[in-house]
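All chains should be modelled from the sequences, with the hints used to inform the complete structure.
Number of protein chains: 2
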Amino acid sequence: MAADERQVQEYLELTKKMKSYEEALGVLYWDMRTGAPRKGLNTRSETIGVLSTDLFKLSTSERMGELLDALSAPSAFESLSPMLKRSVTESKKEYDRSKKIPADLYQKYVVLASQAESVWEECKPNNDFATFRPYLEQVVDYQKRFIELWGYEDNKYDTLLDAYEPGMTVRKLDAVFGALREKLVPLVAAVASKPPVDTSFMSRKVPMETQRAFSEFILKEIGYDFAAGRLDPTTHPFATGLNPGDVRVTTRYIEDDFQNSLFSTIHEGGHALYEQNISPDLIGTNLCTGTSMGIHESQSRLWENMIGRSRPFWERYYADFQRMTPELSDVPLDDFYRAVNEVKASLIRTEADELTYNLHIMIRYELEKQLMNDQLQVADLPAAWNAKYKEYLGIEPPNDELGVLQDVHWSGGGFGYFPSYALGNMYAAQMMDAMRKALPSFDALVAAGDFEPIKAWLTDKIYRHGRLLTPSEVIRSVAGAELDPTYLTTYLEAKYSEIYKM
Amino acid sequence: MAADERQVQEYLELTKKMKSYEEALGVLYWDMRTGAPRKGLNTRSETIGVLSTDLFKLSTSERMGELLDALSAPSAFESLSPMLKRSVTESKKEYDRSKKIPADLYQKYVVLASQAESVWEECKPNNDFATFRPYLEQVVDYQKRFIELWGYEDNKYDTLLDAYEPGMTVRKLDAVFGALREKLVPLVAAVASKPPVDTSFMSRKVPMETQRAFSEFILKEIGYDFAAGRLDPTTHPFATGLNPGDVRVTTRYIEDDFQNSLFSTIHEGGHALYEQNISPDLIGTNLCTGTSMGIHESQSRLWENMIGRSRPFWERYYADFQRMTPELSDVPLDDFYRAVNEVKASLIRTEADELTYNLHIMIRYELEKQLMNDQLQVADLPAAWNAKYKEYLGIEPPNDELGVLQDVHWSGGGFGYFPSYALGNMYAAQMMDAMRKALPSFDALVAAGDFEPIKAWLTDKIYRHGRLLTPSEVIRSVAGAELDPTYLTTYLEAKYSEIYKM
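For the record, the sequence lines run as chains A and B. Once you know that position 44 of the first sequence is 132 in this note's numbering, the rest is easy, because the numbers rise by one and skip nothing. Once you know that position 388 of the second sequence is 476 in this note's numbering, the rest is easy, because the numbers rise by one and skip nothing.
What the hints contain is simulated information worked out from the structure, not anything from laboratory work. The beta-carbon is built from N, C-alpha and C at its ideal position, and this holds for glycine as well.
A few chain B residues that face chain A, going by a derived Cβ cut-off under 8 Å, partial list only:
(1) E111
(2) R132
(3) A315
What follows is the structure, given as structure tokens:
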């Protein structure tokens, strides 16, 4: 029996309405983080609370449940278009996940996570893990209860991973991260034995307006559409896709650290290119978004590191950069190129280079996996953290502020998110390999600033599909194979052997 | 029997929720008018439609009706606090008004008004009243049907006036406008017989950034709190109060018309001072807003014209202005003061000066009144418009673009709104008189840039009360009398006799 057309329409209207609420919330968040006045923030939080609650009610409403039951019944489901099949599958998955958590339990958790985040904010600068510990213990306990309610097949941590990277498992990640670590640890050690590159000129003061002008210039160059977006300053840069016609980039200008805004802008620009180029057919559906955190991160990393930190890119743009940034006019291209690719084992993830970044992620992955499988207690986390840094990066945090307290993620319950960053790097390298085969003149295109064919290829293979394809379908359609970490290691070995003359 | 405490709580929660929706919509509109990317506007309009519809459903819900019935029953009502009494009274009035229009009729009207506005936008530059006419006829017909559904006591137009200025009637307006016109028409004629003031330097090019910097400076000077607001460029300036901690000002920078941004900023700043200084006790209630369009406009006019275009104001700020705006450094204060107060009968309301502005409003008032009372047909509107301009201002529009097609208001159904502008001027003059009595050193305070006592007085008398007082209660509490137009005529006669040496 084919699906009831009225039910299909009602389902589409309901999901469209949910997208409208998401867009409104997106604007409210963007506004809060780009200059909403301080004195209005309390009232604003309440407004966000009201709309979020109403959106949650829509997504878990009885009617939504009935429609999803009807449309996912085998006979009805088979008659749906491919788009509707994916849409219903995703909605059903999220609906079931939400429904498995009792409302009062979830409400208590939301309050706790909010408190824990505030406590973390105070404890971090005071290097005070002891005060934060009971909050983190509770957050971890909630995660474990959620895991039991959601269920899991192989590993408890799988169900958390799946929320950010559908289909990802500990089994898969252990394999790819293992292979990655095997290559990266010696590579980092080899680089460390080489003379350091000169980065002294990277802290020269560059006026914010100069940085802003170059950020705008470079976004236009890589094909970001300002008629479908805007660029604003913020504290913690992000991109937000309200709909494909309104995808906003934010960046941060620091006077004596111009590369912060430069690469943040290209990074967020990569996220934004993805969202701007989702097919208009998907607007108003739950598929009008990136397919996973890992695939999204692959696009920010591809544009930031593999294009934005490449030699052909700076062969094309260094003259423009120097013209607009006279403060750097005496620095030769080669010195600049080496400086933006400096590798240095460091304690802080967000400041890590392209090479060591993956090791920061793997440390967090190992610790999260152990926590969720009762192989590690929160009380033992700082020591375990420091030991892992010693093992993977050869350095040890002198205190918890520079160690286990550095990231906001855990305080807010974001377990399972960290792997996305390293997945993004691996996906990106694998995609780059496929793109170079499809566009043999890739380096020449970058060196000519001709990004149109590159954007067109990425759009055709990845961007336009939004969430119509799963992450696994994306990488198989792009590269003809499942995720494979050797592309990243090959890329990194080649790049850094050349830079560090190994 | 006292009001049921649970019903009171539920009512307050419901109105608070409605305020949250209003705030979200406020941010979405502000964003649309200050730089939301063009390509996202269609989707954005749908998002606004979804939230507006849900807000309307909340405000007209069965539960809201039950609560209002319960709380406005005499025995319950008497037990309510003064704040709750006013809140329930306002809610009940709006609820009844909304409920009297059948939902399908209102839906059709919303579509028509939106169409009519688009048609007007195209017809105006083409000077094409004929194409616009059938749309305007329908809009007027809807207004007349609404009047019948809402009901009226004395004059059909009263019920439209009441939507913007609660308690205002044709009887009252005929009296005050009559008195006003009697004084203004000869005053305008007398000024016209005098030699024109030199305004040649007012079109000197001033860079936008210079204008922006002075706008920001002057907002701070008059006591606008940037921790509870922000200033952004737009096409049609407005101020928007999301909550007292977030009241935003927008302005427009035109290179060869610097006074446009200068006085728009002070005008919107006046609106903003009102909203920023509403008592925090009212946050989250339907009383946390200006009490009427007329009282709101009194504050923009008071700050823009009666302070911002006064001699003491420029005695204090002209040196700052010249320092920041070297393009005007050779212009003597006296010439500048006379130029910003130039009186000239003109065809366009939005460009009119302080003196003739009121006549533009009275023309529209007369025409609206006739239309709603079937004394004028839409087909005859252009001729009636031109005749009134001849009668009141002594000039006649050469075409409809500069005549009847100039304002957006009618296309969107905004009948009854125009009088607010002139009411604002009359209220402002009456308030100024009271303030001068309370603060005898008023001119000296302005000349010293000491606005704190002025803001404090206005806050105490007007701002903090929000909608807790009706417009009539506000003017009576401020001035000890009902609205009286002689304060405005006395003020204008004195000011312009001095400037034009009469």
